[in-house]
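Trainee: Sequence:
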Amino acid sequence: MTYAAWYTEGHHHNVTFKNWVSGTRQKCASSTTTKQRAIFLNPTGADHAPVDRYVDTKFINVVNDAIAYLSDPDPGWAILKDCGNFPCTGPDNVIIKFEGTTFSGTNQPTRNDATFQILPNNEGVSDQIANCTAEAGWNGYYCLNPDVAQLVFESLDSDKEDRTFSPIHYFGIDRSNENRNSFNNTMNSFMDHCWDDHYTCQKRLSRFPGIIQTDSKYEIYFTGTTPAVSRYVLEGADDTNYVILKIDFSQSVLYHVSVALNGGAETEIKANAFNKTLGSPAPINISTCGHNRYEQQDYIYEFALRRNCTVYLRAQEHLVGLVRLQMSLEQFFEDDFVNKLSYALGITTDQIRIVGVKEGSTVVSYQITSTEVDTASQRKNLVFMAETLAAQYAAGTLDLGAEILDLINQIISSNGEVVTTGTYSYKKKEIHPIVYVLLSLSAIALIIYGITQLVKMFRMNKVYNEVIHEDSSELSKMDKPIPGNFRDSKMGKLEKTKKD
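According to full-length UniProt numbering, the sequence shown holds residues 1 to 500 in order.
Hints were generated in silico from the structure; no laboratory data involved.
Check each hint, because a few of them may be wrong.
[Said to hold, decoys possible] List time: in silico DSBU-like cross-link candidates among lysine-lysine, alpha-carbon distance up to 35 Å:
1) Lys270 x Lys380
2) Lys380 x Lys340
3) Lys35 x Lys81
4) Lys340 x Lys270
5) Lys380 x Lys358
Produce the entire structure from the sequences given, and follow the hints as far as they go.
Mentor: Structure, rendered in structure tokens:
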């Protein structure tokens, strides 16, 4: 299987296998102990064997043991120059499907079902598939379950050959309680097939084909840092089959989800809106490939996957916001909030996603994306939005339908890191206690100054009254009649002076 072989299946029609018996065929085998098999694996195929479909196959005089043999991964692959810490897992995830099969002749298999499947001896996987029983002669399982398929996941990051994050696990999920069940398919990256003179290039493709049973739910579990860009496909499924995939990214990363049907152009699939009644995003619609939901509190994405459909996840820069409004939960209307927020920022409503609403008073969690193409422009645009919200909030002009009690905004990069520049957290302005002390002292000083001035005015008024009283007394004295003897003596002196 080559790197370029994405979404592959093998189809074989009207094939006849005749006269295959148990035992050895020295002319066809490299060892006298090697048994002949109608179907077997390439022993050097470490990476991926596509799902093979055999339609209208005839087995004539073929014994059971000679139908197939599925070899285990070579333990010798578990070295640095090949597969790393454990063997590559391609042989553990082979699926061979038969439809319209007939059996005839003297020698026939112990079972003669027209439709059946052959799976490898993959512990924790094949033994967990419904209606599958071990077949020791094949080193595999005989199944009566047409719903088996391969789930293929691949990193599209630039370092997809240089950085390995295996092992990858496909865990089965019990849909009645959302807990993991006993299904666990553990996979390794592809083998290093490149040589640089006498040394390998240490390049291993991060692609993971694994057996699953469709019409079920699985968690894709990463043991390393999750890729920013990835794609997913379901190989070997029928048109009616689906799977729901759950991925815990363990960090606040917003993904752009798109699908390509039958190898066509990609189409964006918006995440389900938050359902206030359920208290979470609406459930997955399994009939639509790529239909998805995002639980922001747990950083979990879920999406549906169907046949002939590739789902792409691309991490993007985004603004994460939280606002607390002075209103009850019953008074909150999502459309009204989104319309007001989009009007405040001058953007379209499809750039805003409500991801959570809860009481206290009403706390709304939202995400905002940019329509810019490149990462740098997206971040610049988001910073501008954060500044716009900050300015309007500070000016008291931000209208989100109710009084804003708290407002928090952060810019999150495509790898889940908080951008320190251009990140804003806003709350109602809180005054430091020292300011209150200074204001109190200032008020006391003003009061003392006022009292002092009043006392001074009172004293000045008293002095003024006393002066007025004294002046009035003097004037009263001046207005009194002069005594006679005093006047006579004065006048006598005056007359005497005149005579002289």
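Trainee: Hint by hint, say whether it matches the structure.
Mentor: Each hint tested on the structure:
For the proposed pair Lys270 and Lys380, the alpha carbon gap of about 23 Å is at most 35 Å, so the pair holds. Distance check on the hinted pair: Lys380 and Lys340 sit about 22 Å apart at the alpha-carbon level, within 35 Å; holds. Only pairs whose Cα atoms come within 35 Å are accepted, and Lys35 paired with Lys81 is accepted, the gap being roughly 31 Å. Only pairs whose Cα atoms come within 35 Å are accepted, and Lys340 paired with Lys270 is accepted, the gap being roughly 20 Å.
The suggested pairing of Lys380 with Lys358 holds, with an alpha-carbon distance near 30 Å, which does not exceed 35 Å.
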